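Trainee: Chains as they are written, first to last, in this note's numbering: chain C, 1 to 167; chain P, 1 to 490; chain W, 1 to 121.
Watch out, some of these pointers could steer you wrong.
[Unchecked claim] With the C-beta cut set under 8 Å, the calculated list includes, among others, these residues of chain C facing chain P: (1) L17; (2) N138; (3) L141; (4) P142; (5) A145; (6) L160.
Hints in this document: simulated from the structure, not taken from any laboratory.
Please read these numbers as outputs of a predicted model, since none were measured by experiment.
Note that CB positions come from ideal geometry on N, CA and C, so glycine has one too.
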Amino acid sequence: MSAQEYAFTVLAVVGGLSAIAVVTARNVVHAALYLVVTLLSVGGVYLLLGAEFVAWVQILIYVGAIVILFLFGLMLTKAPIGRDTLDNQQRWLGALVGVGVFAGLVFLIQEAFPVQDAERFETFHATTDAVGESIFRNYVLPFEAVSFLLLAALIGAIVLARKDDAS
Amino acid sequence: MNIDYHALLPEFILAGTILLVLVVDVFLPERAKWFAMPIGLIGVVGSLAGVLSLIGAGTRESFGGTYVVDEFALLFKGFFLVTAVVVLALSLRYFREGGFYQGEYYFLLLTSFLGCVMMPSSRDLLLLFLALELVSAPGFLMAAFRKGDVKSNEAGVKFFIIGVLSTAVMLFGMSLIYGVTGGATKLAEIGVALDGVSGEMETLAFAAILFVVVGFAFKVSAVPFQFWAPDTYEGSPVPVAAFLAVASSVAGFAGLLQLMFVAFAGQHEFWVPIFAFLSIATMTVGNLVALQQTQVVRLLAYSGIAQSGYILLTFALVTDDAASNRNAFAAAVTYILIYGVMNLGAFAATVAVSRRHPTLGVADFAGLRETAPVIAVGMAVFMISLAGVPPTGGFWGKLLIFQAAIERGGTLGPALAVVMLVNSVASVFYYLVVPRQMFLRDAADPSRLRVPALVTAVVAVAMVTLVAIFVLPNVFARLAEISTLVGLGA
Amino acid sequence: MSDYYSSYGVVLAVLTAGALLVAVAFTTARLVAPNAPNREKLTTYECGIDPVGDGWSQSHVRYYVYGFLFVIFDVESVFLFPWARVLESIGYAAVVEMTIFIGILAVGLLYAWRKGVLRWA
Chain C
1 MSAQEYAFTV LAVVGGLSAI AVVTARNVVH AALYLVVTLL SVGGVYLLLG AEFVAWVQIL
61 IYVGAIVILF LFGLMLTKAP IGRDTLDNQQ RWLGALVGVG VFAGLVFLIQ EAFPVQDAER
121 FETFHATTDA VGESIFRNYV LPFEAVSFLL LAALIGAIVL ARKDDAS
Chain P
1 MNIDYHALLP EFILAGTILL VLVVDVFLPE RAKWFAMPIG LIGVVGSLAG VLSLIGAGTR
61 ESFGGTYVVD EFALLFKGFF LVTAVVVLAL SLRYFREGGF YQGEYYFLLL TSFLGCVMMP
121 SSRDLLLLFL ALELVSAPGF LMAAFRKGDV KSNEAGVKFF IIGVLSTAVM LFGMSLIYGV
181 TGGATKLAEI GVALDGVSGE METLAFAAIL FVVVGFAFKV SAVPFQFWAP DTYEGSPVPV
241 AAFLAVASSV AGFAGLLQLM FVAFAGQHEF WVPIFAFLSI ATMTVGNLVA LQQTQVVRLL
301 AYSGIAQSGY ILLTFALVTD DAASNRNAFA AAVTYILIYG VMNLGAFAAT VAVSRRHPTL
361 GVADFAGLRE TAPVIAVGMA VFMISLAGVP PTGGFWGKLL IFQAAIERGG TLGPALAVVM
421 LVNSVASVFY YLVVPRQMFL RDAADPSRLR VPALVTAVVA VAMVTLVAIF VLPNVFARLA
481 EISTLVGLGA
Chain W
1 MSDYYSSYGV VLAVLTAGAL LVAVAFTTAR LVAPNAPNRE KLTTYECGID PVGDGWSQSH
61 VRYYVYGFLF VIFDVESVFL FPWARVLESI GYAAVVEMTI FIGILAVGLL YAWRKGVLRW
121 A
């Protein structure tokens, strides 16, 4: 196994286990911290695939901003912490469906893109330049649409979180 | 990179209006916040003028073929903009007197309509996804707009959670398609690439198509993805429910039509059974549960679910025969347009009644023939039309689907037609509940209901339109013919 | 491609060295330092006073508002990085595109400012 495959295995196992821990943790804050580990390992996988810009965006935005938002939300709503507060009646059915979908997807993807043929897909270094060229030459319309989406999210979130004073 | 600015004129005008509404809201004093609505209205009418200016100019492509403005796109854009005018008209008095944040609401509503307007032109997976998000994201926020109300919060949360889950599933399917086709994101290219795929890649492609269909099935509230719809419609402000039922649903159908008939057309042997199942389940469950509803908005939600089932039926009629596909496509588009008119009218009548009875139980419609005669007659027409009874437009829409199903032949076509017939007959039972209350029962308070002029106007226009469709079906048939020119393999 | 991997290998080595340092320091402390807990030593430290109530108090909504304002503008600044790299090769078209993007989000900032969301107290 080459160094990249070894690194991928480690990241995949760590990411997978921490993802399971996110949904099974009893303490909500622990779940948020396990989410950090999951997102970091996803960023690591992006690095291994040569998608450098996407990896750092993942770490900057997901770990650096969104998980912080989760934690602030937890602190704001005084989320309950305890053994029985995060229980769900459909846990076992959910686990069954999750494992089933996972197994099905692994089977299908392995059949279509076998691991043994991995050499025919070569990774290339997707630099920030390449991403920039792609966005500002070919995908300008989605880029501008994203700005409206962000604006809508901003305004809506302010509306929902605002204190209802006299105005 | 060619950018056809004239083709994008409606979007530019709408985008400018959105920003103007927000800026104006920042500087308006508290008692004048409602003024954002006329500004929005002028912008939407301007955008509609832009759409009309593009008619007859042929197909225009922009951004490397990912954004196409053809007759199909113009038809839907016009529909969405007219819907925007109607929803704005319904919202003015409702939001002014309800103690809501008005400027922000009009901003969010128009942003969602911008997404709706972009959807029928998007011929690229990325743009399709973004347009869908632009339609949904303000919807999540608008559903929770009544801030202190538990039901409204519940509506927003349910809509949001199920919405992002299905978006995640759809995005996963889209990424698998990207991988299987070797990097194609344009719908036409995907169609070509998928036809050349075989073996295990094809199985993976089928799984990916299933995932994408699931994402859109949520948007159009098909069974078993419909659980969010009744609670969300009930909890949100009534004009927002109207928006969700009409614009949001039709945007989902616009995307689904393009995907199924253009990108995934070659794989129809795989997905026709899926759509047959979805259609039958949706029609049946929608109608059965609607029979038990005692709240009018929930009734309309389940009725909307059943109507989605009728539209999904046309997807199950796709075969190798291009002419029969065109029939199915035309039937779908026509029924979608008529469905929009019927639902907008029904929700307009509901807005009128909500002024006196905010909880909107079925019994609150009692005696409406005395308190608001125009609204009562309009509501009766809408209910009859939704049930598919002549002499209304709804009958003609259902007839088209029925014809398309019979003409398809085989075992599936007539079987689906029979199921649709049975369901339509069953639906009459709950569609007549409200007219029975209005005309055969007496109101507790017989004084005249003061309905805002805009709402009455909407009800009157919708009523006249539905009767006109029945009397002059040729006008609508022409519209349906125009729309079949979308790249249906010609 | 291989110097891409080797340079990130260096990054990994530095991270591992840092983690190892912390781990060794804490493990050594755990092994070597005397450990004699009693009830008073195990109570939560609260600036020398006796701790009151449980450790979980509700924070103010303004932290959350700042948090999501940061998320939105963080996403905006992430788009600035590739734009800066290709600005010279694409020219004025890129300037126009980015100006529109930033302008739209600046309207959002204007809204937040005028609604008093940016006020701390």
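Trainee: Each hint should be assessed against the structure and marked as holding or not.
Mentor: Results of checking the hints against the structure:
1. L17: 21 Å, violated
2. N138: 6 Å, holds
3. L141: Check passed: Cβ of L141(C) comes within 5 Å of chain P, closer than 8 Å.
4. P142: 5 Å, holds
5. A145: 5 Å, holds
6. L160: Hint holds; L160(C) Cβ to chain P Cβ min 6 Å, cut 8 Å.
Of the numbered hints stated above, the single one contradicted by the structure is hint 1.
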